[in-house]
Amino acid sequence: MAEITLDGIRHAYGPVRGPDDYALKTLDHVWTDGGAFALLGPSGCGKTTLLNIISGLITPTEGRILFDGKDVTLLPPEARNIAQVFQFPVVYDTMTVAENLAFPLKNRGVKKADVRARVATILEMLDLAALADRKAASLTADLKQKISLGRGMVRENVAAILFDEPLTVIDPHLKWQLRSQLKRLHREFGHTMVYVTHDQTEALTFADTVVVMVEGEVVQVGTPEELFERPRHTFVGYFIGSPGMNVFPVRLDGATAHLDGETIDLPAAASAPPSARTELGIRPEFVTLGETGIPFTITRVDDVGRERIVHGEIAGRPASAIVPEEGEVPAMPRATFRPDRINLYADDWRIEFSS
Amino acid sequence: MTDTPMTNAIPAEAAAARATAQRRRLRLRWLVPTLYIIFLMLPIYWLINMSFKTTNEILAGFSPYPQRFTIDSYVEILTNPVWYWGYINSIIYVVINTIISVTVALPAAYAFSRYRFLGDKHLFFWLLTNRMAPPAVFALPFLQLYSSIGLFDTYWAVALAHCLFNIPLAVWILEGFMSGVPKEIDETAYIDGYSFPRFFVKIFMPLIASGIGVTAFFCFMFSWVEMLLAKTLTSVDAKPIAAVMTRTASTSGYELGLLAAAGVLTIIPGAIVIYFVRNYIAKGFALGRV
Amino acid sequence: MTKTENNRAWFLVLPVLILVAMNAIIPLMTVVNYSVQETFGDNLFFWSGTSNYVAVLTSERFIHALLRQFAFTGIILLIEIPLGVAIALAMPRSGVWSSVCLVLMALPLLIPWNVVGAMWNIFALPDIGLLGWGLNSLGFNYNYTNQPVSAWFTIVLMDVWHWTSLVVLLAFAGLRSIDEAYYRAAKIDGASRWAVFRYIQLPKMRQVLIIAVLLRFIDSFMIYTEPFVLTGGGPGNATTLLSIDLVKAALGEFNLGIAAAMSIIYFLMTLLVCWLFYTLMTQRDARENAS
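As given, the protein sequences belong to chains Y, W and G, one line each in that order.
Using our numbering, read the first sequence as starting at 931 and increasing by one per residue.
Using our numbering, read the second sequence as starting at 210 and increasing by one per residue.
Using our numbering, read the third sequence as starting at -9 and increasing by one per residue.
The hints are simulated quantities; they were obtained by calculation from the structure and are not laboratory data.
Among the hints, erroneous ones may be present.
Claimed, not checked - Facing chain W, a subset of chain G residues (Cβ under 7 Å, in silico):
hint, residue
1, Glu(-5)
2, Phe60
3, Pro98
4, Pro225
5, Gly226
6, Leu236
Stated by the list, open to error - The calculated lysine-lysine pairs, modelled on PhoX-like cross-linking and capped at a C-alpha distance of 20 Å, are:
hint, chain 1, residue 1, chain 2, residue 2
7, G, Lys194, G, Lys177
8, G, Lys238, Y, Lys1036
9, G, Lys238, W, Lys440
10, W, Lys392, G, Lys(-7)
11, Y, Lys1065, G, Lys238
12, W, Lys411, W, Lys440
13, Y, Lys1036, Y, Lys1000
14, G, Lys177, W, Lys330
What the hints assert, rightly or not - Which residues of chain Y face chain G? A partial, calculated answer using Cβ under 8 Å:
hint, residue
15, Thr1003
16, Pro1007
17, Phe1018
18, Val1020
19, Met1025
20, Phe1033
21, Asn1037
22, Ser1078
23, Arg1117
24, Glu1118
25, Val1177
Remember, it's a predicted structure, so these values are computed and weren't measured experimentally.
Positions of the beta carbon are idealized from the N, C-alpha and C atoms, including for glycine.
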């Protein structure tokens, strides 16, 4: 287990002519020992590139990567002591489950007795003991993923376990089960785990720290709560939460925001550079529909059980609100925003209130 | 987080180390295929070499390239109808055979890939056994069969005889491609009111177009290279290039230059066909069929 | 894929059936017919029962041809399969060079078989052929027209030249179907080059390799044109393989009864081997689908 330091990492697949040629833009970050991290972002955002840089399949164009302070930038994957679980289950078809787990140890010349003991431990840990002598090829996808995970955990000193969208091919009802098992393993054994996904639920339930990426750039690093309450970038607001955050263009005037002729009270004064595009963000959870506030035109209401999601428009911009199941929604409602949950953005980046 | 300036230059030796790290696994692997290809090209080169020599020069002794370069052999082949009709005859029966094989194999392969029916497995195996039938076994019976129905020495005799091994092959390859198309597509089309023939031609065939291409390629190939049956079933009118070459080899003495030129010209159609299907070959083989 | 029961599917198979049956069953019947008769001159046939079969199976000539055939098939399988796999492993897996390799390697497969024979005939001539001249100037006493060893060396080399590419293409296709993740996982697991081959590449190539062995077995077992053009079965009978012997008996000596009996025995042997392969393959498929 190790602490992973990314020091000025930057990567381009082809020749570099301008800043846009970088598939991964400059990144400085420290992943603490024993943490559970998620790399979250839409496809093509560079998260797999970052994962491959950590695993050593790609050497970054610039910057260094350190494991526990040791520079491993130029080391190949096998010398880095990491484990990886891939999108599609990788098992050695001709071997049994136990032989699969023993494989990485055998390759490293571990003594036979030690291999047997260690494999038995892992089989126990992953609830695979009953299948130990089955051919790996005959198992279902979720069990195969467990075997690939086991091949990583079987090495006692493994620096980090990397997951590349590991639940893609798993049946939906098994996904949840596998994820909670993963969470439990992390709590019990404390491996440093890095989990790449485009699914916010997977990321938010698995990780202590989520790294949100878009177009090769890290837009926010934070706990699930921080991502939800204080998105640093409007993209994080849209991408996380269901439905995503409402964002309206506003004009700032001290502790008041002007939205299409209406005024909204802010918890404190805020200011943005004069040329910046200013916006107000509010999550649907904190929008109340009632008789006062800004006019809200309803277009559709989705009943999702405990609550209802009301879709509509505010000032010609799409908006949504989550209201409790029992509450009344007027036919021509007005919307109010909970002041302490309002975020302000200048050119898509969050600005602080001057309190 | 905004972009840092571009000029975050790294030292030259570090850059070199990075490049090595990325190229680590290449080494001398290319040597194996290269040597193999050289081995493949040597006899072909020798054939080409001979085809540009005069008969006198060939018989005079060993020389690694033509001393007195001549294209007489090629001129002879391309101006003498006996020669060039050999090529035309060969191409005609190969094309007829390819068309027949693919056309009848399409519905049959569909049946094998979609339905279970009485004796289907045995039928499939029986078909495949015909791919295994040695032409030498069938040469004489074929001669009698096609003579008795009056097809001897026609393109049709050879084209039909080659169906013996090409149809099983075509069914086999096509079945592989068709099994890769989900059955739901058929069902949706029937629900949409397509009749079977219309569905097959309008929807299904475009989906397996590359499979049809691969199949046609292999039918062309096996019909083009087979010479024993082609020679046995023809005498004058439909004589394939192989027969012309044999006659030259035996009657006009030791005309090696002419023979070599004729050989070189038989390689060309194959080379053209390979060039066009190069991207599909691996795909056809990938299905584990052929 | 689950298939629907539908006996009307026979109609779809009918055209194939008619064409192949016409080409397979009628000639086969003719052959069977000849094989149980004795011929004297024109159109004089007498029932002779199994005597032709007995004659063939006890004749030294047939047994020798058969042994030569097995030797030839065995040798070329032992060379072509490992060589083909090795070349496929070393080939660039994608990109322009991969295409170039494929096109050049496929070339021998598309050359008419008599031309292959003629080409090697010219290539191996002891005085003016590159191979013959080369071997002789290296001090080997090589002449395929009068030395059995040279003749065997030449037909084996010719077959390797002609058909190894088929094994390469099949093995290459098998290799290409392996996802990159397998190689990455193996790297991370610290697998040696040999372990990658043994536990990833070989299992994934298994299916295509069975087909390669099967095809090479069948095709080498019925090889005729190339060795016939090259050596004519000689010197003496040194390279007279089964098909060559058969054609000699049927067309050369017009001994139809014997030739037909040989054909049937020959065909049945091929069939038996193929049936064994087919059962092995389908049984394994069934087992894998069941588990």
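- Message: Tell me the hint numbers this structure goes against, listed in increasing order.
- Response: 2, 4, 5, 8, 11, 12, 13, 14, 15, 23, 24, 25
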